[in-house]
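K.L.:
So the chains spell out like this:
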Amino acid sequence: MLKCASAFTYELDNPEKALNEIVGQLKNQTEFLENTVGIILCHTEFVEGGVLAYISGKLPFETVGATTASQAVNGSFGEMVLTVFVMTSDDVAFYAGITESLEEDIEGPVRLAYERRPEGFGAPGLAVIFPPLLIKHSGDEYIRVFEKVMPNTPLFGSIAVDDSVTFSGAVTVYNGRHYENALSFLFCCGNIHPRFAIAALPPNPVASVKGEITKSEGSRVYEINKTDAYSYLTSLEHSHNIRVINNMLMYPFWVDLVKRDNYDGVPVIRGLASVSEDGPALFRGDVDERSTFTLLTCNPQDVLKTTRECVDRVNKSDGINGVLFISCIVRRMTILSGDPLAELQAVKEGIKPGIPFMTGYAGGEICPTSVRDRIPTNRFHNYSLVVLVV
Amino acid sequence: MENDKSDALAALTRELRECKAENNRLARELRAALRRIDILRLNTDTQFDLTKSITGEKRQQELYFNLMLRLYPDIVFVFDDELKFTIGTQNITDIIDVEDVSLLRGHTLASIVDRYCPSIFTDEMLDAIERVKTGNEKGVENKIDISTEQGQFEVTILSFNMGKGSYSGILAIIHDITEVNLAKEQAEAGNRAKSEFLSRINHEIRTPIHTIMGMTGVAINSDDLEKKNACLDKINTASKHLLDLFDDIMDMSKVEKNKLDLTVNHFDFQEMIHHVVKTLRFKIEEKKLRFDIALDPDIPPALIGDDVKLAQIIVKLLSNAAKFTPAGGTVKLQVRRLQDTAGWVQLMIAVSDDGIGISSEQQTRLFDSFEQADGSNTRKFGGAGIGLALVWNIVTMMGGKIWVESEQGKGAKFIITLRLKKRVLDDDMDEKEPVAKDYSGKTILIVDDMAVNQEIIASMLQDTHIRIYYASSGIEAINLFKNAPQLYDLILMDIQMPEMDGYAVTRAIRALPFAKAKEVPVLALTANAMYADERLSLDAGMNGHINKPVSKKEILLKIDSYLAPLLSI
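Those protein sequence lines, which keep their order, are chains C and L. FYI, in this note's numbering the residues of the first sequence are 29 to 418. FYI, in this note's numbering the residues of the second sequence are 1441 to 2009.
Honestly, the hints are just simulated from the structure, not real lab data. Yeah, the Cβ is synthetic: ideal placement off N, Cα and C, and Gly gets one too. Any given hint could turn out to be false.
Claimed, not checked - Every beta carbon over 12 Å from chain C, so not counted as near; a handful from chain L, in silico:
| hint | residue |
| --- | --- |
| 1 | ALA1451 |
| 2 | ARG1468 |
| 3 | PHE1525 |
| 4 | ARG1555 |
| 5 | ALA1623 |
| 6 | ILE1641 |
| 7 | THR1651 |
| 8 | ILE1675 |
| 9 | ALA1898 |
| 10 | ILE1986 |
Unchecked claim - In silico BS3-like pairs for lysine-lysine, Cα to Cα no more than 30 Å straight-line:
| hint | chain 1 | residue 1 | chain 2 | residue 2 |
| --- | --- | --- | --- | --- |
| 11 | C | LYS45 | L | LYS1445 |
| 12 | C | LYS86 | L | LYS1460 |
| 13 | C | LYS254 | L | LYS1573 |
Work out the full structure: start from the sequences and follow the hints.
P.N.:
Right under this line is the structure:
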């Protein structure tokens, strides 16, 4: 049996009061079973003010998570808030932890963390991960490493962010302590059957533009349609009024990663991080050679529409114990800049009453695009809302 | 005292804590505000407001633009000043093997040609693009026609400039003219064929007319009765040839307008064949050709179908065979019963000769309207060139098939297979030759401005003893009828008359205030043989239509159908 619960607090000055609020809300929802773990998302103020440390130290279970920009849970949604999503079970084992620094290497620390799992802890049926925001590593790298260390494990995750422009305060958390370079994780093993959903942006092309990546290396794209990336992207200015401004192109790329062995027919969204005249275009995730892409629209209506549709899909599912929604920070910070809490509100008001949930924002989303014969196609996403249903 | 101090201290501590908390709160809010300002500044700096970037209106414009690119019938390439492809119509994928046209974006023209080898980019086209590109004036246009394996195209190349510092480049618009050219060629071919046909018709008409006029002259100037009879025979033959020709032309006209109808008659197949043979035997033997006939004795004698058209096509095939076989050759007619199915019999009719034969190339055009296999044969053998087309159409209408087996110089064999319904013989239903009935006491009015036509009809009706009145114009006919409406039992009305045609005369008679004016049968007697003309006759108030030239049989049958019931009164 698996049960879930969620709680929140806005209390930043009185840690004890904050703790009482959390505990009180949790007790009203469920009793704790044999194994319990909490996923925490919080504003950086909770980290800097010590409230996170206090709460995590007092809670009777381990906690993992990361900072974020704003969240929603069953009782509330807002910006400077700490939310916790609790899973408790008598037939699912949880292994929460933090890796060593990923500054130099990802695989080593991840493998070490996995090998340190408790005795008897079998192959995870779900891995929830919170990678740190490290520019040198793309989200695809985390997926490659985890698939190597834990093959066929569905991965669900959120790259830490905060509500600043530079994400300078973004950290991952484990048991109240915060880390800039380490990955916090939660592995679940036992009677757990996760389901996933993705709400990317609608396939409305912003222009009749379709390109082919003709030269790339990871997230660095050198050529598009056999033209250097800069020339190609800037040429869109005249024909389609799509401007490269401050080395950024905000329109999301809808990319068919068709050449991958495990391509399951589902394109992913890729954001362009930067492009310069004398260098490659840097994307926010790997873009394979010979992939084709389409540029999509991304206005607030599109974002909210896809969010609501996704929530509707969740509501129609059976056997839900709890739901985690992770949305891309760009949806909040840039697309919905006029009403940054609109998406959270849409989730809170749309989810069926009685279903414990938590929603937060990420600097990159990790979620399988499909699971077939228990084999997941794990993918890294940009500009998307990803959902874990347990 | 001590308590007061303690209370004051506690209150102060509380106040300090509250201030600190408030301070912290304000500090947090300040930090949050600063973060929000940073975000706003970022969004403002990028001049990027996604709420306005793709509005509903812009998206609609984009959709329409994309729709246009998808549906525009011509192929359009837009290159920039460096001849790099920017946008184009989606139908570019019809000529270049690429999944989506925007995958060409950024490719230079040279790399597109090199990578995809599209045949559309001929040397002429590439030269034209280069000329426009290097042209000194903007707006320079170059129009060329190109021919490729994919078809023929009219290509317009022009340069454009959206304004100083703005976008400029080269536009190539490719318009497919393959179908237009094909239609033009076909029209020209059709016109040529029709011109040749008219030329042949001219010859075919002049020849018998020349014979008629010539023989008439000879007969007039001769006192020799035998010579006169010989001339009359030739005039008769030439007249029949002319009539056959006109019948063919009219039938072909009906075929062209899908108006040729088959009639359903009960007939004796052997009798029909004998009639055909009788018609042609003289012609064939005159040319010293051997004529072999092989009729399958198992062919059912009584059949149902259009015997007239069937005879027509066999006559045509035999005539052709005789025409294209030199003296001493052989013409064969073979009819064989193939198989029966549920009341139908399938027959094979083959007409073969050992004449000049038909090459395979000529066979492909053999059954086309207005064509002769070899135009030069017209000069040698004559013929209007519509006979085989008519044969093909009639056979097809009958649900049959016709084909030819032949080699140049080795004769030809035309084979027809078709099904005819078997008739269950019933003596009462046997057709008899019409016998002129006795219409003594009946009166007929013949309205025709040509006295000779009046005479011809009168002679045909001689044996009926019917009383005949004549009117040479519409006005005269109306007056005659007005003066004695009860007198006339039937009116035969010519159509083509000066001042007042037969339709107008009939309408005028029908409008007269006599009951008989509405009842008297009026039959059109006219050379206008088209279906539309029959409709005109009926619409004018006429009861029926007899085509000129009339035969005695036909006119007697028609009159019987209108006068015979009256005999019982």
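K.L.:
Look at each hint and say if it fits the structure.
P.N.:
How the hints compare with the structure:
1. Listed as a non-interface residue, L:ALA1451 keeps its Cβ farther than 12 Å from every Cβ of chain C; the least gap is roughly 19 Å.
2. Taking the minimum C-beta to C-beta distance to chain C, about 6 Å, the non-interface status of L:ARG1468 is violated against the 12 Å cut.
3. For L:PHE1525, the condition that its CB be more than 12 Å from all CB atoms of chain C is violated, with the nearest at approximately 9 Å.
4. Residue-level check failed: L:ARG1555 sits 8 Å from the nearest beta carbon of chain C, not beyond 12 Å.
5. Every CB of chain C lies more than 12 Å from the CB of L:ALA1623, the least distance being 33 Å, so the non-interface label holds.
6. With 12 Å as the threshold on Cβ separation, the claim that L:ILE1641 sits away from chain C holds: the shortest Cβ distance comes to roughly 59 Å.
7. Separation of L:THR1651 from chain C is adequate, the least Cβ-Cβ distance of about 75 Å exceeding the 12 Å criterion.
8. Against chain C, the non-interface label of L:ILE1675 holds: every CB pair exceeds 12 Å, the least being about 79 Å.
9. Non-interface status of L:ALA1898 relative to chain C is upheld: no Cβ of that chain comes within 12 Å, the nearest being about 84 Å off.
10. With a closest Cβ-Cβ approach of about 70 Å to chain C, L:ILE1986 is found to remain outside the 12 Å limit, as its non-interface label requires.
11. A hinted pair counts as satisfied when its Cα atoms are at most 30 Å apart, and C:LYS45 with L:LYS1445 qualifies at roughly 29 Å.
12. A C-alpha spacing of about 25 Å is found between C:LYS86 and L:LYS1460, which places the hinted pair at or below 30 Å, so the restraint holds.
13. For the given pair, C:LYS254 sits about 23 Å from L:LYS1573 by alpha-carbon distance, which is consistent with the 30 Å threshold.
The structure does not agree with the numbered hints 2, 3, 4 stated previously, though it agrees with the rest.
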